[in-house]
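Trainee: Protein chains in written order, with this note's numbering: chain A, 1 to 316; chain B, 1 to 316; chain C, 1 to 316; chain D, 1 to 316; chain E, 1 to 316; chain F, 1 to 316.
The set of hints was computed from the structure by calculation and includes no laboratory data.
Among the hints, erroneous ones may be present.
One copy or two, either will do: identical chains are not told apart, so a pair holds if it fits within one copy or between any two.
No farther apart than 30 Å at their CA atoms in a straight line, the calculated lysine-lysine pairs in the DSS-like style are these [to be verified]:
| no. | residue 1 | residue 2 |
| --- | --- | --- |
| 1 | 300 | 264 |
| 2 | 79 | 300 |
| 3 | 264 | 254 |
| 4 | 300 | 44 |
| 5 | 264 | 168 |
| 6 | 44 | 79 |
Protein chains: 6
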Amino acid sequence: MKSFYISDLRPGDDLVNELFLLQDVASRTTKNGRPFLLFSARDKTGTISAVFWDVPEHISSWVRSGEVVLLTGRANNYKDSLQISTTDLIQNTTSQMAELLPSSQRPQAEMIAELRQTIESLSEPWQRLVSYILLDKTFLTQYANAPAARQMHHAYIGGVLEHTLSMKTIADFLASHYPYVNRDLLIAGTLLHDMGKTVEYDVAGSFNFTEDGRLVGHIVRAIIMIEKAAQELGDIPPENVQQLVHLVASHHGKLEWGSPTEPKTLEALLLHQVDLLDSRVQGFLEHAQTDVDENGWTVKPSPMFRNEIKRPFPAE
Amino acid sequence: MKSFYISDLRPGDDLVNELFLLQDVASRTTKNGRPFLLFSARDKTGTISAVFWDVPEHISSWVRSGEVVLLTGRANNYKDSLQISTTDLIQNTTSQMAELLPSSQRPQAEMIAELRQTIESLSEPWQRLVSYILLDKTFLTQYANAPAARQMHHAYIGGVLEHTLSMKTIADFLASHYPYVNRDLLIAGTLLHDMGKTVEYDVAGSFNFTEDGRLVGHIVRAIIMIEKAAQELGDIPPENVQQLVHLVASHHGKLEWGSPTEPKTLEALLLHQVDLLDSRVQGFLEHAQTDVDENGWTVKPSPMFRNEIKRPFPAE
Amino acid sequence: MKSFYISDLRPGDDLVNELFLLQDVASRTTKNGRPFLLFSARDKTGTISAVFWDVPEHISSWVRSGEVVLLTGRANNYKDSLQISTTDLIQNTTSQMAELLPSSQRPQAEMIAELRQTIESLSEPWQRLVSYILLDKTFLTQYANAPAARQMHHAYIGGVLEHTLSMKTIADFLASHYPYVNRDLLIAGTLLHDMGKTVEYDVAGSFNFTEDGRLVGHIVRAIIMIEKAAQELGDIPPENVQQLVHLVASHHGKLEWGSPTEPKTLEALLLHQVDLLDSRVQGFLEHAQTDVDENGWTVKPSPMFRNEIKRPFPAE
Amino acid sequence: MKSFYISDLRPGDDLVNELFLLQDVASRTTKNGRPFLLFSARDKTGTISAVFWDVPEHISSWVRSGEVVLLTGRANNYKDSLQISTTDLIQNTTSQMAELLPSSQRPQAEMIAELRQTIESLSEPWQRLVSYILLDKTFLTQYANAPAARQMHHAYIGGVLEHTLSMKTIADFLASHYPYVNRDLLIAGTLLHDMGKTVEYDVAGSFNFTEDGRLVGHIVRAIIMIEKAAQELGDIPPENVQQLVHLVASHHGKLEWGSPTEPKTLEALLLHQVDLLDSRVQGFLEHAQTDVDENGWTVKPSPMFRNEIKRPFPAE
Amino acid sequence: MKSFYISDLRPGDDLVNELFLLQDVASRTTKNGRPFLLFSARDKTGTISAVFWDVPEHISSWVRSGEVVLLTGRANNYKDSLQISTTDLIQNTTSQMAELLPSSQRPQAEMIAELRQTIESLSEPWQRLVSYILLDKTFLTQYANAPAARQMHHAYIGGVLEHTLSMKTIADFLASHYPYVNRDLLIAGTLLHDMGKTVEYDVAGSFNFTEDGRLVGHIVRAIIMIEKAAQELGDIPPENVQQLVHLVASHHGKLEWGSPTEPKTLEALLLHQVDLLDSRVQGFLEHAQTDVDENGWTVKPSPMFRNEIKRPFPAE
Amino acid sequence: MKSFYISDLRPGDDLVNELFLLQDVASRTTKNGRPFLLFSARDKTGTISAVFWDVPEHISSWVRSGEVVLLTGRANNYKDSLQISTTDLIQNTTSQMAELLPSSQRPQAEMIAELRQTIESLSEPWQRLVSYILLDKTFLTQYANAPAARQMHHAYIGGVLEHTLSMKTIADFLASHYPYVNRDLLIAGTLLHDMGKTVEYDVAGSFNFTEDGRLVGHIVRAIIMIEKAAQELGDIPPENVQQLVHLVASHHGKLEWGSPTEPKTLEALLLHQVDLLDSRVQGFLEHAQTDVDENGWTVKPSPMFRNEIKRPFPAE
């Protein structure tokens with residue numbers, strides 16, 4: 001679909017109606033009063049800075065961060081980096097985000113099928129409640145695209161779903177490994193615990209926090225969604241809702257990590273431990289893909305672990 | 001109404017159908033197999049331990065913590081303390097909690113009047129939303145009776161309302177002292193921020209945490225109540241609800257103090273600071289009423305401040 | 001074997017050559033100069049205080065904490081508690097510790113069989129190294145009896161092995177769930193990580209710390225044992241030893257939790273996470289067996305979680 | 001008075017005897033041995049780097065950070081920034097600091113009048129003690145010019161006085177809102193608590209710490225000033241001095257925030273809370289004036305709150 | 001002088017005009033209205049509780065904590081402990097505190113001689129300043145009696161002086177071991193750093209904090225004393241005073257340990273390190289004198305180190 | 001030996017077979033496909049960046065970080081900094097590291113002599129054990145060259161030995177100053193405590209961590225070396241080894257500072273305190289040599305103390 005990806009751009013490349021996502025859009029004026037636009041163009045392979053001199057009125061009227069565009073221009077060297085000198089921008093609405101932002105390596109359809117199968121395995125009232133929330137068509141799309149984080153781990157399209165399904169598999173195993181575990185409650189909590197992230201990050205805007213992410217946060221937002229669904233369904237026993245809310249509320253494990261309450265039931269404890277385990281392992285594997293030295297140690301310390309870590313797989 | 005208060009009991013006092021609240025009820029059996037009941041009897045002046053030998057079936061069937069009773073028995077010395085040897089218990093439902101538990105010194109009617117007046121001072125949609133929640137007759141009773149804490153500060157019937165109104169007066173002052181403050185939002189947030197405490201503590205049971213207090217907590221519960229009210233009213237702008245939820249969510253000020261998000265708007269910052277100020281001052285004044293030495297220093301360190309503090313008022 | 005267990009003792013019971021473990025032995029003299037011995041007698045059901053007046057020389061010469069004895073005496077009430085008035089003590093060496101101290105509920109033979117099977121599943125050089133250390137006959141006995149902790153979790157005979165095998169099952173699952181995991185290294189590290197606890201706690205003395213536990217600690221002791229074994233075997237590649245030492249050294253996960261280094265390889269990270277998970281779940285389940293109130297909440301906060309927790313299984 | 005302000009400078013502007021404050025003055029030599037002077041020129045609108053080649057002896061002899069000068073030179077572009085090529089510097093002593101450094105927006109005369117009025121409202125001996133210290137003519141000038149901080153809040157000329165008066169108004173309100181407050185002590189403490197900042201920051205040198213600010217600090221310095229004044233006045237009761245010293249010593253509220261003792265009296269607690277409130281609110285409002293995105297969120301996290309915050313007032 | 005010491009008292013001992021220090025004095029009344037006095041009698045060997053029934057008016061008028069008395073009465077067993085039944089108390093003013101409170105094992109005269117010698121070794125102006133403060137006759141007595149702490153280390157009469165002299169010897173050694181150390185400044189700071197403790201603890205009242213200790217603290221008090229002395233002497237260079245104040249202010253090393261500023265000069269760093277070293281070693285040696293088990297480990301964890309420690313000397 | 005040192009290089013200088021250490025070696029290719037090598041050349045006076053275009057195969061085959069070379073090329077200005085344009089590199093193996101890396105100012109021979117003398121002063125079995133480890137010829141060379149840290153303090157060749165000997169002198173003094181100190185144990189522990197640093201840092205590679213430093217760390221490595229030596233010697237009493245291991249294990253003093261156990265014996269406490277003292281003082285003196293302002297304060301805060309500090313010696 002795209003002719004050029006940012007990671008392959010070379011000085012002198014000419015771009016014609018090339019698909020990009022706009023970010024960090026800023027209007028500026030030179031000291032002599034000549035107006036120009038600075039922005040970042042993004043696709044799934046990276047980000048590049050761009051400039052557009054003397055933007056015509058019919059473009060400046062709609063241009064802003066988060067827009068998808070067809071860009072015409074040329075790649076030049078500017079201060080030791082590549083920059084795109086832009087000559088035209090056309091608004092575009094039909095593109096697939098997967099070309100523009102990094103995505104999970106698991107196919108989305110496969111993940112959604114696994115999700116549906118898992119929901120079907122739940123007994124009532126869990127199945128009714130979870131499917132009411134997650135299988136709503138509009139919401140499912142958002143849910144299947146949400147990133148799990150801005151950085152650190154699963155910070156890409158589909159990250160929430162990939163992380164959720166990995167946790168689900170582990171949770172299922174532990175529900176049979178340990179005694180007394182309410183498997184339906186644990187799996188329901190696992191599937192719903194991060195769904196608030198659908199409104200926490202602005203997928204089209206660098207995975208930045210949204211207004212709701214800043215003011216409310218994904219934990220409280222998910223709880224509100226559960227309570228609303230239970231109210232609309234009408235027949236979910238209050239104790240079940242309360243238990244489920246507890247799992248979501250406490251899944252970060254500690255107050256200082258953002259949970260308004262700490263795990264006090266066996267399922268809440270398991271959900272927290274599995275979340276911790278999966279995000280740590282994924283954070284490790286993702287950081288291990290950054291630059292390593294000749295002995296396989298990452299050059300930079302992992303922001304999650306504060307140490308340099310050793311890559312567990314051979315050089316590519 | 002009551003003939004004896006616990007703080008005045010003497011060995012040998014005979015109690016006949018005296019009003020008490022039961023707490024810490026436990027069934028026990030001696031090594032020889034004789035059954036007896038241990039419990040605490042409570043009124044607003046204190047708590048005393050009690051024993052009831054060979055409890056008849058028609059009493060043991062209903063007796064439990066939180067029941068209000070008319071007790072017949074006698075105060076005896078037992079191991080250096082007073083204990084009531086109980087001979088009869090009659091279930092009672094009409095008593096006033098104010099006789100049985102410590103209460104705010106401000107008359108409840110006066111506080112409710114001040115609350116109504118404050119709500120009337122709010123512009124729309126705040127007035128509609130806040131009155132819909134707080135002036136609901138059933139809820140208002142709970143709200144006006146809730147303690148603000150289990151210990152530390154305002155740990156008595158009416159404590160939430162007394163604390164809320166004190167904060168409201170300060171918040172009103174600061175809304176005019178500082179620029180840019182949205183007074184209606186700040187006052188609405190002040191009135192609602194602790195309402196979740198109506199379900200957090202078991203008023204009849206030593207102010208212990210309830211199931212909901214443990215699993216959900218007063219912050220998240222209040223948010224759920226606001227969202228539900230907004231949904232039922234139908235016409236409250238979502239931005240207003242979001243702002244208000246932010247105030248409630250962040251009023252503890254820091255994640256490690258139990259807030260799932262930290263204050264990010266001016267009104268949220270003010271609400272947190274006023275809550276901190278009022279609870280600290282009240283915690284200081286309450287601890288200053290405990291035993292002091294001859295120089296006016298409390299004998300024990302304040303659990304809130306970790307230090308002994310100096311009483312600011314003369315000895316009684 | 002035993003006629004009386006401490007949990008069943010009643011005032012007036014006469015004990016004749018009853019098997020106990022001595023603890024907290026202290027020689028005292030009354031103000032009038034009469035000598036007596038104070039000690040605790042322990043069996044798997046609990047601990048009881050005991051006194052022995054005018055101990056004859058042939059007994060006082062060997063009596064000390066950690067001795068197993070046949071005790072003759074009588075159970076009396078003393079200051080509201082039971083106490084054994086002792087009249088004779090006979091040194092005993094053949095008793096089974098399982099009668100005297102709490103034990104894992106898993107049969108030891110079954111656990112050892114599972115351990116052997118796991119070691120056999122390892123590829124070389126891991127299998128040679130691990131079996132050289134763990135399957136040494138003398139050491140295996142200590143290892144199979146060691147408690148995993150003094151309190152908190154798995155604080156009973158066989159606790160280390162039970163905990164290790166539970167972790168092993170989870171580790172095996174995760175080795176196939178996540179990519180790039182060196183399963184042999186992870187399982188070897190799992191089996192060896194807590195073996196230093198064989199010398200950290202004094203099994204016969206209330207699970208107290210030993211001299212080595214205080215001065216060296218189980219992490220460093222295990223590392224010394226691995227290095228010594230590798231030196232004696234002579235042909236274990238140094239990189240393998242280094243990797244394994246890293247797993248043991250870092251399994252507490254953080255410096256402040258006692259690890260001299262933090263996990264920097266994928267297997268070290270997994271070992272730490274699985275250790276954390278299994279000890280937290282077990283600590284939860286053990287605390288849930290303490291007293292609960294009528295709603296199933298533990299009366300005391302868990303020392304591990306700082307909160308009261310909800311029992312996940314029905315009342316007994 | 002000034003013809004050019006730094007915020008308005010353009011490349012090519014010629015400056016003739018323009019008033020600036022010198023900062024960061026450093027003598028350098030090129031690899032070829034040609035001497036030059038690097039420095040920053042500052043006025044109330046900002047800071048600009050400057051260079052002066054081949055400085056004549058009669059200038060190099062006195063030039064140093066903190067001097068006020070009349071500068072002649074030209075603004076040039078150098079490495080993407082503006083730099084002043086200086087050709088002459090004349091020492092100047094009569095300028096008003098208000099042209100050279102950022103100042104409070106409240107007129108100084110108005111603030112001093114409010115200060116005098118407040119002091120007059122105090123009863124004795126507080127009035128005598130406070131006026132002896134603050135109304136000393138020399139000291140009052142320093143006090144009215146001192147910044148409250150190097151950054152974070154009230155970091156401008158007059159910041160201490162503005163902050164102090166805002167706190168005074170709130171303290172006065174709280175003295176009547178809460179019972180048992182000694183209003184005179186609280187107001188006296190409020191007026192004096194930050195006076196040590198007159199010697200903590202070098203007003204003419206980027207608000208950097210002075211030798212005394214580094215070695216002694218503003219809290220201890222203020223206490224020394226109070227003790228010295230009390231000694232000179234001779235008749236202030238020692239208990240009053242001790243109480244006042246306690247307020248100053250404890251106003252940061254916690255040891256880790258630099259107070260050598262923590263608040264143990266009601267007035268000390270109130271002073272700390274009001275200081276916290278006013279500095280937080282002012283820190284919020286100041287950070288809200290930095291760059292915000294299109295939704296009104298600051299681009300950078302507040303150094304005081306660690307989060308991005310939402311601007312409470314409309315865009316300029 | 002004394003006929004009985006508390007550590008040797010036996011039931012039945014009759015005391016006639018025996019010297020004690022009164023502590024924890026409290027007037028009580030039985031339920032029947034009979035008045036009595038409860039108090040602790042203290043001498044250098046320990047503390048014992050005492051009761052005095054029907055205290056005559058001429059005694060109750062002056063009796064209070066901190067009084068030294070000649071006591072007449074009898075030692076009885078009461079609830080498993082010894083208690084003195086008192087029949088007379090005579091006020092006494094001439095006794096030596098060394099009989100009544102634990103003291104340093106170094107003779108006071110020897111320590112004062114060493115102090116004088118050290119002061120004489122200082123160059124000017126340090127010698128003049130330090131001797132003016134410490135060799136003042138009244139102050140020297142207080143200084144030579146002050147305890148260094150309430151518990152933890154050197155918590156006995158003369159503790160400050162003993163600790164100071166030990167630090168002085170180490171500081172002297174380090175002043176020659178490391179380069180650039182101003183020995184006079186370091187020794188002067190060492191001698192003065194804890195002198196504020198003369199007013200921080202109430203030597204006659206259980207080493208409790210005094211009003212000044214609570215409100216001002218020994219660090220700030222010592223600084224005030226230095227500033228006052230410098231002002232009275234008139235000719236001490238301000239830089240010297242400032243340096244010395246910095247040493248005293250920063251000697252706890254960190255803000256959270258109560259220092260209002262942290263060490264920023266070489267001498268301040270050394271003073272802090274030597275203080276830390278000497279108090280830790282002394283705290284270790286003192287705790288090692290508490291009960292140990294058969295392997296020489298203290299039974300209780302050290303409050304300073306949080307661990308049980310190993311006694312470095314043989315059993316007595 | 002060398003003709004040019006990096007600190008003296010000027011643009012245009014021609015280097016012929018000049019001795020350097022290679023670091024940060026990286027192979028790169030221009031966009032046009034021309035290969036070049038980027039690296040840092042280091043000598044004891046500093047580091048300079050270098051470029052080598054079109055590296056011939058016989059050089060690229062061996063070139064890597066840590067190699068010592070004879071370099072031919074020319075110093076040029078490149079982007080405001082000096083850079084060496086390299087034309088030839090010859091591998092070199094005989095050079096002295098002291099020309100290439102910063103070294104202790106104490107002559108190595110002198111330090112080794114002092115070390116030998118100290119070991120001779122130890123009684124048995126300490127002397128035998130310590131000399132067996134440290135006086136091994138191969139190891140002694142590594143030990144005498146090891147840096148004590150990567151930054152912060154003693155971060156230069158010979159730093160471990162210099163730091164160790166300074167600590168030894170202080171420890172010797174304290175062993176006589178305090179009672180009950182086992183001087184031989186303390187000195188043995190002092191000499192061995194940091195010997196693991198011989199394998200923790202890569203002396204030839206910027207003092208970076210080695211594989212062993214990252215996975216095992218210097219504390220555990222030193223313990224393994226002690227245990228191995230004791231095993232090889234065969235006749236060192238186990239208690240002595242255990243005591244010594246405790247000193248090494250606990251010398252960082254706290255778990256969060258990387259010690260797997262905390263000091264529990266008098267000698268372990270002393271070793272920790274002396275290590276803390278000497279590293280703090282040295283860290284202070286080293287930072288004091290960085291840039292200072294006109295009042296002698298360092299321009300940057302010390303990474304060890306977080307504050308700017310005052311230089312204790314006059315300007316050079």
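Trainee: Confirm or reject each hint.
Mentor: Right, here's what the structure says about each hint:
In this assembly of identical chains, the alpha carbons of residue 300 and residue 264 lie at most 30 Å apart only when taken from different copies (13 Å versus 37 Å within one copy). Within a single copy, residue 79 and residue 300 get their C-alpha atoms as close as 25 Å, and across copies as close as 25 Å, so both meet the 30 Å cut-off. In this assembly of identical chains, the alpha carbons of residue 264 and residue 254 lie at most 30 Å apart whether taken from the same copy (11 Å) or from different copies (21 Å). With identical chains, the CA atoms of residue 300 and residue 44 are at most 30 Å apart both within one copy (23 Å) and between copies (26 Å).
With identical chains, the CA atoms of residue 264 and residue 168 are at most 30 Å apart both within one copy (20 Å) and between copies (26 Å). Only within a single protomer do residue 44 and residue 79 lie at most 30 Å apart by alpha-carbon distance; the minimum there is 24 Å, versus 32 Å between protomers.
Checked against the numbered hints above, the structure violates none of them.
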